[in-house]
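Chains as they are written, first to last, in the working numbering: chain A, 1 to 284; chain B, 285 to 465.
These are calculated hints, taken from the structure and not from any lab test. It cannot be assumed that every hint is accurate.
[Said to hold, decoys possible] Reference listing, derived: stretches of chain B covered by chain A, where coverage requires no fewer than 3 residues with Cβ under 8 Å from a Cβ of chain A: (1) 296-310; (2) 330-342.
[Unchecked claim] Per the computed footprint, the stretches of chain B lying under chain A, defined by three or more beta-carbons under 8 Å from a beta-carbon of chain A, are: (3) 285-291; (4) 411-418; (5) 423-432.
[What the hints assert, rightly or not] Here are the simulated distance ranges between beta carbons: (6) Gly17(A) to Asp326(B): 26 to 36 Å; (7) His30(A) to Leu322(B): 28 to 38 Å; (8) Glu19(A) to Gly417(B): 34 to 44 Å.
Glycine residues also receive a C-beta, built at the ideal position from the N, C-alpha and C atoms.
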Amino acid sequence: MMSPHPDDERLSAWIDGEEPDLGGHQTCAHCQARVDRLRHVARAVAARPAGLGRQEAEVMVRRAVDAAAAPDDVLAFRHPRPGRTAVRRPRAMLGLAAAAAVVVALAAVPLLGGRGEDPDTVASAAPVVDGGDLGDQADARTLANEVRPALGLEPLADSNSLAAPAAPAAGDASAGRTATADGPAADTAAGGSAAQESTGATPTTRRPKRLSRSSTTCLAQAMTQGGPGLGDVVYRATLRWQGTPAEALAFRSAAGAGEPKLTVRLFVMSQTGCRLLVAQSFAA
Amino acid sequence: MLRRLQPTVHAVCLRITGNPTDAADAAQEALIGIARGLGRFDGRSRFTTWAYRVATNAALDELRRRRRRPVAVELTEAEMERARVPVADDLGGVAERLDAGRALARLPVDYRAAVVLRDLCALDYAEIGEVLGIPPGTVRSRIARGRAALAPLLAEPGTGGTGDDGSDGGNRLGAERRPTI
Numbered sequence: 001m002m003s004p005h006p007d008d009e010r011l012s013a014w015i016d017g018e019e020p021d022l023g024g025h026q027t028c029a030h031c032q033a034r035v036d037r038l039r040h041v042a043r044a045v046a047a048r049p050a051g052l053g054r055q056e057a058e059v060m061v062r063r064a065v066d067a068a069a070a071p072d073d074v075l076a077f078r079h080p081r082p083g084r085t086a087v088r089r090p091r092a093m094l095g096l097a098a099a100a101a102v103v104v105a106l107a108a109v110p111l112l113g114g115r116g117e118d119p120d121t122v123a124s125a126a127p128v129v130d131g132g133d134l135g136d137q138a139d140a141r142t143l144a145n146e147v148r149p150a151l152g153l154e155p156l157a158d159s160n161s162l163a164a165p166a167a168p169a170a171g172d173a174s175a176g177r178t179a180t181a182d183g184p185a186a187d188t189a190a191g192g193s194a195a196q197e198s199t200g201a202t203p204t205t206r207r208p209k210r211l212s213r214s215s216t217t218c219l220a221q222a223m224t225q226g227g228p229g230l231g232d233v234v235y236r237a238t239l240r241w242q243g244t245p246a247e248a249l250a251f252r253s254a255a256g257a258g259e260p261k262l263t264v265r266l267f268v269m270s271q272t273g274c275r276l277l278v279a280q281s282f283a284a
Numbered sequence: 285m286l287r288r289l290q291p292t293v294h295a296v297c298l299r300i301t302g303n304p305t306d307a308a309d310a311a312q313e314a315l316i317g318i319a320r321g322l323g324r325f326d327g328r329s330r331f332t333t334w335a336y337r338v339a340t341n342a343a344l345d346e347l348r349r350r351r352r353r354p355v356a357v358e359l360t361e362a363e364m365e366r367a368r369v370p371v372a373d374d375l376g377g378v379a380e381r382l383d384a385g386r387a388l389a390r391l392p393v394d395y396r397a398a399v400v401l402r403d404l405c406a407l408d409y410a411e412i413g414e415v416l417g418i419p420p421g422t423v424r425s426r427i428a429r430g431r432a433a434l435a436p437l438l439a440e441p442g443t444g445g446t447g448d449d450g451s452d453g454g455n456r457l458g459a460e461r462r463p464t465i
């Protein structure tokens with residue numbers, strides 16, 4: 001025998017304002033109980049789940065803005081998953097990404113040639129140089145000598161060549177400082193000598209490869225540290241900084257009029273949580 | 285604008301994927317899609333409807349990508365069918381009460397998306413149909429069946445918090461559209 005009561009579909013549509021009339025069953029206790037249950041479900045689903053923290057949300061927004069401006073970032077910023085070794089992507093997307101990478105790489109060949117182009121003219125098309133894995137690093141000078149050749153810069157010959165390491169906070173790029181996350185910036189001698197002694201290690205010259213910006217995992221956090229005017233990321237490598245698995249990201253920007261010639265800023269970020277471990281700047 | 289959208293986009297992705305990591309990835313893809321697609325938004329639908337469509341598609345794409353990974357067990361069609369019996373007759377068979385997120389994860393994704401777009405995003409049936417590419421009648425059916433399946437999984441009305449954020453929730457977005465009984 002057919003029930004005289006409206007079915008769930010009608011009741012559900014009615015609480016959504018999509019069913020104009022229940023044919024007098026609004027006052028029926030049986031229907032009232034069912035409506036209460038459906039409404040309870042609707043309220044439970046409508047309760048917004050806990051969102052991301054403010055910083056995480058800001059990073060997400062920055063990444064979106066950054067990726068929207070960079071065609072090769074379509075597939076950027078996937079979060080690591082336990083037991084997930086690779087992300088399969090549609091072949092068509094991979095083809096698009098590869099084509100975009102080729103275009104970007106071709107457009108930026110002059111940068112790697114190191115022939116003195118105006119950084120403003122190459123910044124937007126700069127590829128990311130893959131420095132590979134730099135192994136264990138604990139010394140700012142040694143690290144600088146790993147990074148500089150890959151960017152077409154001469155290795156540091158002596159202590160006077162390391163120019164003005166920069167503080168990590170935006171707007172605090174005071175000359176003569178190497179900043180770490182563990183403490184206040186260490187003042188260096190006039191002329192920009194390193195805050196730490198050189199290990200005397202011979203820098204290795206790596207043949208740079210080119211990466212998509214999407215290969216960087218701490219890009220947004222480094223950009224947050226660098227503040228406005230940081231420029232484009234031009235270098236990325238992995239390393240262990242004083243035992244902490246880390247990612248090194250270098251940015252190239254033009255110096256303003258009357259400012260010291262600081263064109264490359266290097267940030268070392270922890271791979272877990274993207275914390276700033278150390279930052280420094282190079283003079284070209 | 286992206287800052288304002290981010291919480292809702294993330295919430296939609298979290299409710300549909302049922303997994304925080306997948307939700308973060310999907311929300312990121314959605315925000316990128318929104319940022320890139322702004323210039324192509326033609327104004328034929330509400331902006332929020334368009335943004336929810338981007339978010340929903342990103343979440344569904346993420347679910348497709350994770351098919352190889354273990355997921356929470358979804359209700360079968362037979363279980364969905366059993367959920368259509370009047371809720372009051374079904375109380376004795378429910379052994380556990382879940383929060384909204386885990387309960388939603390038990391729904392087949394087609395039902396889940398429809399319920400989320402209605403209750404979290406307060407879209408009407410025509411808009412949900414537009415987002416999911418299905419007729420409004422199918423939307424109506426999926427929402428009803430989805431809610432009916434969720435009812436026995438969730439805590440009883442009046443027995444405490446219903447949201448997995450510990451709040452009673454309350455449909456702030458859609459309440460004004462609902463008649464009271």
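Against the structure, the hints:
Given a C-beta distance limit of less than 8 Å, the hint that chain A covers the region 296-310 of chain B holds, as 5 residues qualify and 3 suffice. Restraint check on the region 330-342 of chain B versus chain A: 0 residues with Cβ-Cβ distances below 8 Å, three needed, restraint violated. Closer than 8 Å: that is the beta-carbon criterion, and the region 285-291 of chain B has 4 residues meeting it against chain A, so the requirement of 3 holds. Judged by the Cβ-Cβ criterion of 8 Å, the region 411-418 of chain B is not covered by chain A as claimed, because only 0 of its residues qualify and three are needed.
Here's how the region 423-432 of chain B fares: 7 of its residues keep a CB closer than 8 Å to some CB of chain A, so the rule of at least three is met and the hint holds. Taking 26 to 36 Å as the suggested C-beta distance range, the pair glycine 17(A) and aspartate 326(B) conforms, at roughly 27 Å. Between histidine 30(A) and leucine 322(B) the beta carbon distance is about 50 Å. The supplied range of 28 to 38 Å is therefore violated. The hinted range of 34 to 44 Å is not satisfied by glutamate 19(A) and glycine 417(B), whose Cβ atoms lie roughly 23 Å apart.
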